[in-house]
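Q: So you can see what is in the structure, the chains are spelled out below.
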Amino acid sequence: MKFVYLEPDSIKSTIKLLENYGERGKILAGGTDLLVHLKRRTIRPDFVIHIGLIKDLEGITIGNGGVQIGSLMTMRMIEKSEQLRGAYDVLRQGAAQVSSQQIRNVATLGGNLCNGISSADSVPPLIALDAVAMVEGPKGQRIIPVEEFHIGSGKTMLGPDELLVGFKIPSQPPHTRGTYTKYTFRGTFELAIVGIAVLLTLSPHDLTCKKARIAIGACGPVPIRARKAELSLIGNKIDEHFIDEATRIAAEEINPNPGISLRASASYRREMVRVLGRYVLKDAFIRASKS
Amino acid sequence: MKHSLEINVNGKDYEIFVEDWKTLLEAIRENLGLTGTKRGCDDGNCGACTVILDGKAIKSCLLLARQAKGRKIETIEGLGSPEELHPLQQAFVDNFAIQCGFCTPGMIMTAKALLDDNPEATEEDIRKGMHGNICRCTGYTKIVEAIESARERIYKMRNKEGSGVVFQKKRNS
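Heads up: the sequence lines are chains A and B, in that order.
Residue numbering for the first sequence follows my numbering, starting at 1 and increasing by one per position.
Residue numbering for the second sequence follows my numbering, starting at 1 and increasing by one per position.
No lab work stands behind these hints: they were computed from the structure.
Where hints are given, some of them may not hold.
Dumping the calculated EDC-like pairs for lysine to aspartate or glutamate here, alpha-carbon to alpha-carbon at most 20 Å [unchecked claim]:
{"hint": "1", "chain 1": "A", "residue 1": "Lys80", "chain 2": "B", "residue 2": "Asp125"}
{"hint": "2", "chain 1": "B", "residue 1": "Lys69", "chain 2": "A", "residue 2": "Asp9"}
{"hint": "3", "chain 1": "B", "residue 1": "Lys22", "chain 2": "A", "residue 2": "Glu7"}
The task is simple: from the sequences and hints, build the whole structure.
A: What follows is the structure in structure tokens.
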């Protein structure tokens with residue numbers, strides 16, 4: 001791999017570089033995904049633009065009707081954050097399950113989304129939280145819902161001259177809690193075979209479900225919301241029957257590759273959505289009912 | 001073309017000359033001659049390249065050397081001395097946690113970061129924290145026992161008494 005290393009010190013100077021070199025350049029945040037691509041020669045940029053020193057891309061701020069998280073926050077910072085409690089805890093669970101200690105110390109929330117891989121562990125929680133990505137480019141700023149960010153395997157809506165600067169998560173209704181769990185053979189170290197985030201809002205009086213989000217990763221080219229499964233839960237007191245129904249419906253909503261897949265067949269993924277989905281849904285319900 | 005880079009390794013400042021695309025692993029081994037850190041898979045899976053950067057365990061094969069500018073790096077060479085091994089090093093020897101030895105530097109650096117962050121790490125914490133390091137020889141049991149034993153010794157050294165974490169042997173006992 002051969003390239004020129006650039007190290008802008010501000011968002012503005014980064015955008016300028018992207019304007020000039022965007023097509024031939026790649027953003028380097030933590031590098032735990034980028035360096036693998038560079039070594040395998042799957043991408044061959046002429047310029048690598050290291051944004052790791054830009055302070056404006058850091059930080060977690062609560063206020064303004066929600067939470068703002070800088071795109072450079074590492075998985076470890078998110079995992080250990082005292083501020084991401086309550087409903088936001090589902091994002092902490094996602095970050096805590098990324099790979100291993102060493103990777104979490106370096107890998108960033110922004111990078112996890114921009115890499116465009118459907119099994120990214122921080123993405124289903126962000127989708128469940130209705131998070132949006134804040135993007136800046138030469139033409140100004142724009143907001144992209146995280147749910148729409150991935151457009152295909154390895155492909156995102158981010159233009160070559162754009163920088164992901166952070167995320168906004170709207171404040172959640174009271175009595176909202178969630179769970180994210182990934183299913184693998186060998187622990188968190190592996191990419192998810194199935195990753196499910198469930199976020200539930202329950203009525204404090206009778207524990208009926210007022211709002212539900214079910215986001216599933218690694219079961220198709222992009223992570224998805226299982227909207228029909230979510231609807232099946234609304235207005236109901238979630239018990240074994242509704243859990244079975246919702247996971248059955250969710251298993252049909254996913255879109256895994258019907259042909260050969262390296263790590264799991266389509267039918268296995270559907271079955272695991274049901275099995276893991278039951279566990280995650282139950283766990284999310286327990287958390288929400290305790291809140 | 002090589003450019004200059006200032007890094008701090010094991011408490012000493014160095015100025016090295018590297019191309020923009022060199023990884024921290026390559027800089028440590030080739031520029032500084034510190035070959036204790038190993039190149040195993042070179043793509044972030046095996047953990048043999050683990051060093052400690054500003055107190056956190058990281059995989060040096062996945063960091064460009066330039067990303068380490070101005071930061072503090074600790075390698076296996078910085079632990080202990082031939083006369084007095086670091087408690088982790090001594091524990092690995094005493095508990096037969098070393099066979100071919102290739103994974104060992106990475107294991108020890110990850111374990112050190114783990115115990116520095118959580119001096120009362122339980123067996124489960126240790127197993128979870130060591131996820132990023134692979135060993136083909138030992139089957140991990142002795143490695144985990146060595147780390148638990150080092151935890152006790154380090155805790156005693158700091159607090160004059162044991163950590164109180166129950167030293168549990170699970171399977172087959």
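Q: Assess, step by step, whether the Cα of B/Lys69 is no farther than 20 Å from the Cα of A/Asp9, and give holds or violated.
A: Status holds; Cα separation ~14 Å.
Q: Check whether the Cα positions of B/Lys22 and A/Glu7 lie no farther apart than 20 Å.
A: Holds: B/Lys22 and A/Glu7 sit about 15 Å apart, inside 20 Å.
Q: Below or equal to 20 Å on CA atoms is what counts here, so check A/Lys80 against B/Asp125.
A: 15 Å, holds
When each numbered hint is compared with the structure, no violation occurs for any of them.
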